[in-house]
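Visitor: Heads up, the sequence shown is in this note's numbering, so the first residue is 1 and it goes up one at a time.
It is worth saying that the hints were derived from the structure and are not from the lab.
Given the structure is predicted, the values throughout are model-derived calculations rather than measurements.
It is possible that part of the hints are untrue.
Said to hold, decoys possible - Derived lysine-lysine pairs resembling BS3-like cross-links, with alpha carbons at most 27 Å apart:
1) Lys110 with Lys181
2) Lys110 with Lys193
3) Lys201 with Lys326
4) Lys201 with Lys151
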Amino acid sequence: MTPTRHIAVDLGAESGRVMLGTVGTNSLSIEEIHRFPNTPLRTEAGLHWNIPALFSGVREGLCKVTERGLPVASVSCDSWGLDYVLLDAWNRMIEPVFHYRDSRTQAGVKILLEKMKWEAIFAETGVQFMPINTAFQLAAETPIRITRAAKLLPIGDAFNWMLSGVGCAEVSLASTTQLYKPRARAWSPTMLKAVGIAPVKMPPLATAGTRLGNLLPKLAEETGLGPIEVIATCSHDTAAAVAATPVASKPGAPAQRFGTPNWAYLSSGTWSLMGVEVAEPVITDMSRSLNFTNEIGFANSVRLLKNLSGLWLVQECRRSWARAGKELDYDALTKLAAGAKPFASLVNPADPRFLAPSDMPAAISEFCDATGQAAPGTFGAYVRCVLESLALLYRRTLREIELLTGTRVGVLHVVGGGSKNDLLNQFTANACGVPVRAGPSEATAIGNVLVQAIATGTLCSLEAGRDLALRSSNIRTFAPRDRAEWDRAAARFGKLRA
């Protein structure tokens with residue numbers, strides 16, 4: 001079989017990237033062609049995304065692909081969840097495109113919960129409570145913007161629309177909005193009414209792998225790519241990453257599909273997303289009380305997971321220190337953390353004070369003061385505090401997953417950028433008491449490419465794609481150790497209240 005090439009546009013909270021993937025019968029490679037910053041704008045209107053700048057970065061990356069002189073079959077975009085673009089009747093973007101951390105969303109929580117009880121919202125959508133959810137954002141929208149809007153598109157799907165002219169919502173992103181009913185596999189009329197959005201303003205739903213059409217003529221000419229196909233991959237970055245998780249029931253065994261959750265995944269980055277693949281939504285009183293979510297994956301699988309704070313805490317510490325003139329890269333910070341005193345202080349990464357603080361180190365110190373702990377005193381101590389606390393949060397979440405599924409998890413696959421942090425990987429194995437298999441770090445882009453390859457016929461199935469990811473990735477295994485020490489730390493962590 002002749003290898004095929006596919007462009008994955010991966011939009012993240014800190015940066016966007018244009019990646020070129022090459023898929024053959026027994027080979028898979030991924031290369032970063034272009035990276036560009038994703039810098040939110042803070043104006044009088046609030047915190048919002050600079051969509052024109054992001055699309056300019058995408059276009060520049062597509063031009064750089066053309067410079068390689070290689071034939072390309074298709075392109076697709078994935079992004080973070082929760083945020084959306086509103087289009088008017090003339091398909092013009094209504095600005096600003098708000099950031100999920102904008103303060104207006106707090107008002108939306110109050111507005112929506114006055115209309116519907118939380119129990120009813122969860123029963124309808126199966127989506128966990130987070131104050132930044134799309135439904136809460138929409139509840140906070142002004143009547144003027146809602147009236148003017150003719151169509152709503154999730155972020156990743158909005159970029160596919162900009163490339164192809166075809167507007168739809170791929171189900172993995174749609175399922176994160178809290179406007180989607182997973183048992184019906186359709187938009188929820190109940191939720192749309194509650195947030196004040198007419199059903200006609202919602203885009204048609206599309207499954208991962210839907211072929212949207214060709215690159216718009218103007219872009220085909222400007223970029224030099226010609227009329228390549230635009231495909232709706234798993235538009236939610238986490239769904240794409242899970243599609244590429246190189247799972248196997250035992251070393252040497254073929255890659256698994258879903259329905260047998262003896263493995264769990266952790267998509268590690270700014271956010272940590274931990275869960276299992278199951279065949280049907282798990283919408284119960286217990287899953288609601290444990291604050292789990294049900295999102296759709298490739299081939300209509302269900303990702304039962306919890307959205308957790310991730311390396312955001314380290315990123316924001318680094319940003320605060322840089323503002324104070326102390327520039328340190330992540331590798332240097334991790335080395336300092338490795339040499340810091342173990343378990344000197346712990347925080348609950350899910351505490352609301354860590355969602356959008358102006359000074360993350362100060363927020364960590366405040367939490368420690370409130371819980372009777374000594375605040376970290378060095379860069380390394382702060383980072384170790386965060387990494388150990390994340391590992392303990394993962395432990396608690398893994399136990400909850402086992403409770404909900406009635407299945408013992410035997411291995412945890414860590415994918416995404418955070419999988420490169422071997423200190424966190426070892427802490428996670430220690431805390432969870434199961435082997436951690438780390439990699440690939442580029443799982444989202446790989447998953448994006450694999451779905452495109454399946455859609456165009458290069459690959460026959462998800463199993464074939466995962467097997468290719470398994471054989472093409474450098475997977476590192478971390479065995480659990482220091483069990484008694486981590487058990488004691490977990491007992492401390494469980495008592496944290498601030």
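Visitor: Each hint: holds or not?
Guide: Each hint tested on the structure:
no.: 1; hint: Lys110 with Lys181; in the structure: 22 Å, holds
no.: 2; hint: Lys110 with Lys193; in the structure: 16 Å, holds
no.: 3; hint: Lys201 with Lys326; in the structure: 48 Å, violated
no.: 4; hint: Lys201 with Lys151; in the structure: 4 Å, holds
Of the numbered hints stated above, the single one contradicted by the structure is hint 3.
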